[in-house]
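**Student:** What follows is each chain in one-letter form.
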Amino acid sequence: MYLDIPRKFGPIIHQAQQTAKEVFRPISRKYDRAEHSYPKELDMFATIMDGMNDGSLNGGAGAGKLARSGNGSGEGNRNGTNMNTVLGLTEVCWGDVGLALSIPRQGLGNSAIAAVANEEQLKRFGKTWAAMAITEPGAGSDSAAIRTTATEDGDHYLINGEKIFVTAGERADAVVVWASLDRSLGRAAIKSFVVEKGTPGMTVERLEKKLGIRASDTATIRFENCRVPRENLLGDPEISVDKGFAGAMQTFDNTRPVVAAMAIGVARAALEKTRDLLDSAGLDLDYRLQGWNQPAAVRELHLLEAELEAARLLTLRAAWMADNGQPNSKEASMAKAKAGRVGNAITLRCVELSSSIGFAETELLEKWSRDSKILDIFEGTQQIQLLIIARRLLGKSSAELK
Amino acid sequence: MPRDPIGLALSTMTRLAASPWLDRLGVRTPVEKAAYQGTKAGFRTLSLAAREVSRVSGWMPRKQLPARSSQDLFDLSLDDDQKLIVETLSRLAMDTLRPAAAEADEACAMPAEVYEAATELGLTLYAVPEAFGGIAESQSPVTSVLIAEQLARGDMGMALGLLAPFGVAQAISQWGTGAQQSSYLPLFCDGDAPVATIAVDEPSPLFDPMQLQTRARRTGSGFELSGTKSAVVLGEVSDLILVAAVLEGTPRLFLVPGNSDGLQRSADLGMGLRAAQLTRLELNKVTVPNDALLGDDSFDYPGFLDRASLMRCGLAIGTAQAVLDYVIPYCNERTAFGEPISHRQSVAFMISNMAIETDSMRMLTWRAASRAETGQSWHREASLARLLCNEKAMETGTNGVQLLGGHGFVKEHPVERWYRDLRSVAVHFGGAHA
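Chains as they are written, first to last, in the UniProt record's numbering: chain A, 1 to 402; chain B, 1 to 434.
Among these hints, one or two may not hold up.
To be verified - In the EDC-like style, the derived pairs of lysine to aspartate or glutamate whose C-alpha atoms are separated by at most 16 angstroms in a straight line are:
#: 1; chain 1: A; residue 1: K209; chain 2: A; residue 2: E224
#: 2; chain 1: A; residue 1: K127; chain 2: A; residue 2: D43
#: 3; chain 1: A; residue 1: K8; chain 2: B; residue 2: D72
#: 4; chain 1: A; residue 1: K197; chain 2: A; residue 2: E224
#: 5; chain 1: A; residue 1: K197; chain 2: A; residue 2: D173
#: 6; chain 1: A; residue 1: K8; chain 2: B; residue 2: E106
#: 7; chain 1: A; residue 1: K402; chain 2: A; residue 2: D142
#: 8; chain 1: A; residue 1: K396; chain 2: B; residue 2: E106
#: 9; chain 1: A; residue 1: K402; chain 2: B; residue 2: D72
#: 10; chain 1: A; residue 1: K396; chain 2: B; residue 2: E339
#: 11; chain 1: A; residue 1: K30; chain 2: A; residue 2: E361
#: 12; chain 1: B; residue 1: K411; chain 2: B; residue 2: D75
#: 13; chain 1: A; residue 1: K30; chain 2: A; residue 2: E41
#: 14; chain 1: A; residue 1: K209; chain 2: A; residue 2: E170
#: 15; chain 1: A; residue 1: K273; chain 2: A; residue 2: E361
Worth flagging that the hints you see were computed from the coordinates, not collected in a lab.
Chain A with its partners taken away, still in its complex shape:
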């Protein structure tokens, strides 16, 4: 048993830290204010990241590398791509979550492609920056209820419907769209399709103005008889009642620890800043076993730190299980639920502990407390995570425990 970060991840962590500090932090406030303007500083960084991945001995990191690593190959304990990604992203999000979500070629669509694409598709879309379009005005957490359809038309599918909350929907080279082949067949008929930018019939209707992660664009996209080649349907085109939807949902087992890592990064940023402020205010921040004799702010700071460590370790556990080919659906949701909520709680409390310094735009504390909220919502809300965990613990189906 060993629960610390292995030395071999030192270089990637250091690189990510440098990026966060030297690339993201200096422009963090700029793109919070200039919502919807493209952070061009990221282009060069993305190229560096591609290089890092291609040359990596550890199987690389990032959205497009998830899911294909572990799978139980080989003997013994493995610390691979999932852990690498979680560790790297935590550091990057310490810099800025919105910018991290805008890194070219690191979209959620890339994770979906990595999870379900066949070899030919992997080759074709491996280097594409892909956004993910699931949510609709009438279907959020209930992704089985989506109304967007894909109708066969010769060698093509015609996609019709409206998608909202598409992260990087305008900037990405392609969008992975969830649509139903036959709405009468329910969730099994839901498939994902890669729709490349500029395909006629696909229009970005508008970009949302948001509470946080303003550096990241969030698009509404309309599909009107949008013609997509048959071979852009990811995975198996057969409608299989057994595993059709489960396959699509598996993407989330891999991306939930990633979102948890984002929450950990932003929360750590807030906690470190608050700690510095309290320290310079002259508070004794020593760790004591009897914390009730310390100032309330110090005990609270330590409790937040403990919660953050718990979230971090639950996230590493989920990633470690994925790297070692162990089913981790429950643990991935536990990590996401814990990190999402404590990430938000920590950033909000840090504003409070820092008083008007925390509230003001002169520091980033107020921004972090706005950015963190989305991390308890997207890739499955807190409540959806608790539902998944409960069904696993109690042995209940989605029909029984609704």
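Please arrange chain B on chain A, whose structure you already have, making use of the hints.
**Tutor:** For chain B alone, coordinates are given in the frame of chain A:
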């Protein structure tokens, strides 16, 4: 003529036997059993102590267990030894401790069969280096925490009772001088190991183990100890008590025989942990010889407290797991409004959160233990683990009762006992040691 130790033990027994509250509480038989165990061990200590004189000249040099070498990969799996220990103690917990827990709680005593089963397993041997008759090859705070966790799944009070001598053996293994190790450690490897315990807590609000009121003063031939200790596990029946007291401004531990002159022991029963026979000690100028001071100047009191904290965390995790394992089948079987109550989100989500927080406590505690084991700094990690356990253990306990509703409030189910036991997690500092 001063009373010799056996005489004092017998005299204590007689006073205890005359105590009217034994009958009033209807607990006479189990206390007699526990007291029997205590005396038996006491006689054993004495007969061995007689041999010590000849042994002192030949004592072995101080032997501290090495730290394990640091690993280089994140790894949550247990090694083969740890798996075996977990399996064995899990069986002990579920087959022996859990079935005896309700009665032991009522009786406020450790059942004899629990002692016997634990002795058979040689629990304390894990704390003692091979050179002194034990089986420990390296320091293993991780294994200690796993032991605490498994035992507490059975019952936290009895777990503390079993871990108190284990903790004393650990402390002597870690900090004792060569003479102390040679004198005491072999005793813990015998079939009839002494009952031993650790006294840290004192009866004051916001008690801080770094600010002890119990004092030790140097005398010509040794030390004189005065102060009050509370919530001492098995304090009334212990042959050997490791007492924390301030010596010249520094907290130290003293090896105090349970039958010392000036030491008064009385029951200090609490809302929970009743099988652990919590005891109050009044030390009124208790004199101990020079070699009663545990270790030398290298003794690390904060490290000692951190190790005790880890054990408390292990106990918290084990009992929280017991609560979780109990409410899952209960909520699946209990129906209301025509379906299992687990079909309701308000119920199901409480269970999800209990699982999340139990694993959170576990991850933090394991990390602190694994850092301690591999020789890295770990005070921060132990403090954070303890802080989280202080918060989440009680939360799990109170939610366990809540999920059973009125049935959780009555003694037909164990959740009310776990609730009482879990309140102790944030309260006590002594008793166990990793």
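**Student:** So, for every hint listed, does it hold in this structure?
**Tutor:** Hints, verified against the model:
Using a Cα cut-off of 16 angstroms, the hinted pair K209/A and E224/A is violated, with the two alpha carbons roughly 24 angstroms apart. For the given pair, K127/A sits about 14 angstroms from D43/A by alpha-carbon distance, which is consistent with the 16 angstroms threshold. Proximity of K8/A to D72/B is assessed by CA-CA distance (about 8 angstroms); at most 16 angstroms being required, the pair is judged to hold. Between the alpha carbons of K197/A and E224/A the distance comes to roughly 14 angstroms, so the proposed pair stays at or under 16 angstroms and holds.
In summary, the hint linking K197/A to D173/A is supported, as the alpha carbons are separated by about 5 angstroms, within the 16 angstroms threshold. About 54 angstroms separates the Cα atoms of K8/A and E106/B, which puts this hinted pair outside 16 angstroms; it is violated. Restraint check for K402/A and D142/A: satisfied, since their Cα atoms lie roughly 11 angstroms apart, inside the 16 angstroms limit. Taken as a hint, the K396/A and E106/B pair is broken in the structure, with Cα atoms around 37 angstroms apart against an allowance of 16 angstroms.
A threshold of 16 angstroms between alpha carbons decides the hint, and for K402/A with D72/B the separation of about 43 angstroms lies outside it, so the pair is violated. The suggested pairing of K396/A with E339/B holds, with an alpha-carbon distance near 12 angstroms, which does not exceed 16 angstroms. Simply put, K30/A and E361/A have alpha-carbon atoms about 11 angstroms apart, close enough for the 16 angstroms limit, and the pair holds. For the suggested pair K411/B and D75/B, the alpha carbons sit about 40 angstroms apart, so the restraint of at most 16 angstroms is broken.
A hinted pair counts as satisfied when its Cα atoms are at most 16 angstroms apart, and K30/A with E41/A qualifies at roughly 12 angstroms. As the CA atoms of K209/A and E170/A are separated by approximately 14 angstroms, the hinted pair is consistent with the 16 angstroms bound. Using a Cα cut-off of 16 angstroms, the hinted pair K273/A and E361/A holds, with the two alpha carbons roughly 14 angstroms apart.
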